[in-house]
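**Q** In this text, residue positions in the sequence shown follow our numbering: the first is -6, and each later residue adds one.
None of these hints come from the bench; they were simulated from the model. Among these hints, one or two may not hold up.
[Unchecked claim] For each label pair, taking beta carbons as the anchor points, the in silico distance ranges come out as:
{"#": "1", "residue 1": "Ala115", "residue 2": "Asp65", "range": "28 to 34 Å"}
{"#": "2", "residue 1": "Arg69", "residue 2": "Ala111", "range": "21 to 27 Å"}
{"#": "3", "residue 1": "Glu159", "residue 2": "Ser84", "range": "30 to 36 Å"}
{"#": "4", "residue 1": "Pro13", "residue 2": "Arg90", "range": "24 to 30 Å"}
{"#": "5", "residue 1": "Arg48", "residue 2": "Ser26", "range": "17 to 23 Å"}
{"#": "6", "residue 1": "Ala89", "residue 2": "Arg29", "range": "15 to 21 Å"}
{"#": "7", "residue 1": "Ala81", "residue 2": "Glu144", "range": "19 to 25 Å"}
{"#": "8", "residue 1": "Gly171", "residue 2": "Glu112", "range": "29 to 35 Å"}
{"#": "9", "residue 1": "Ala89", "residue 2": "His38", "range": "22 to 28 Å"}
{"#": "10", "residue 1": "Gly50", "residue 2": "Glu112", "range": "30 to 36 Å"}
{"#": "11", "residue 1": "Arg85", "residue 2": "Glu154", "range": "27 to 33 Å"}
{"#": "12", "residue 1": "Ala81", "residue 2": "Arg170", "range": "30 to 36 Å"}
The C-beta atom is built at its ideal place from N, Cα and C for all residues, glycine as well.
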Amino acid sequence: MTSVTAEGSSASGFAGASLPLEAPHDFTLVDESGARVSTSDYRGHVVVLAFVGTRCGAPCIVIGDQVRGALDDLARTVPVLLVSVDPAGDSRAAIARFLARVSLAGRARYLGVTGACAELCAAWRAYRVPAPARGSAIFERFAPVILLDREGRARVEYALEQLTPEGLARDIRTLERG
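Given only the sequences and the hints, what does the whole structure look like? Please build it.
**A** This is the structure we're talking about:
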C-alpha cells in the first residue's frame, strides 16, 4: 500500500497511488464515432484512462470535471480515453450529452460503445474494474482513473477521493518528463 503525505502526495511523489510496473494491458474498442481505438495507438504519450458511464451519476460527473480541470491546467493536449462501464446505457446521444456536460467534447474519446462484450470485459478485467452487473455501489467506491505512461503501462491510479485536477495535471507532467 502506498503511504500518503500531509500534502496529499504519496511516498512515490504521485498524487495518486503508484502502481507496480507491469506489461501494458492493451485493448481495442470502438469509440462514439464508430472508429476502432487501441491503447497501443497512443505509445509515446501519457494517457488518461477513466472508466465511466453516462448513467452513473455524480461519481462519473466528478471524474469528468476533474479530468477536464487537469486538461485546462496543462500546456498541451493529453489523450483521454473514457471506457464505458455501461454499454447498454451509453447511447451515442447520451455520450454526447455527458461529454458536453463535463466539457470534454472533442477532448476525450468514449470507448466501448459497440462491439464484442468480450473486448470490453477484457479491458475491465485488465484494470480491475468491477463489472456493472456487480452493482453501482461497488463501482462508485472504485471508479478508477489511471495514468498510462509513454510505454502504455498503468503507472498511477486514483480513487475518486484522491482525484483533483491539480494532482492529475502534476502527475501527467511528471510522467511526461520521465
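**Q** So, for every hint listed, does it hold in this structure?
**A** We went through each hint and held it up to the structure:
Between Ala115 and Asp65 the beta carbons are some 32 Å apart, a value that agrees with the proposed interval 28 to 34 Å. Range check, Arg69 to Ala111: about 35 Å between beta-carbon atoms, so the 21 to 27 Å window is missed. Remark: the range hint 30 to 36 Å for Glu159 to Ser84 is upheld by a beta-carbon distance near 33 Å. Hint check: Pro13 to Arg90, Cβ distance near 37 Å, so the stated range 24 to 30 Å is violated.
Taking the beta carbon of each, Arg48 and Ser26 are about 21 Å apart, inside 17 to 23 Å as hinted. At about 20 Å, the beta-carbon gap between Ala89 and Arg29 stays in the expected band of 15 to 21 Å. The hinted range of 19 to 25 Å is not satisfied by Ala81 and Glu144, whose Cβ atoms lie roughly 33 Å apart. At about 30 Å, the CB distance of Gly171 to Glu112 agrees with the hint of 29 to 35 Å.
Against the hinted window of 22 to 28 Å, the Cβ-Cβ separation of Ala89 and His38 comes to about 25 Å, which satisfies the hint. At roughly 26 Å, the beta carbons of Gly50 and Glu112 sit outside the given window of 30 to 36 Å. In this structure the supplied range 27 to 33 Å holds for Arg85 paired with Glu154, their Cβ-Cβ distance being about 31 Å. The given range of 30 to 36 Å is broken by Ala81 and Arg170, whose C-beta atoms sit roughly 41 Å from each other.
In the structure shown, a violation is registered for the earlier hints numbered 2, 4, 7, 10 and 12, in ascending order.
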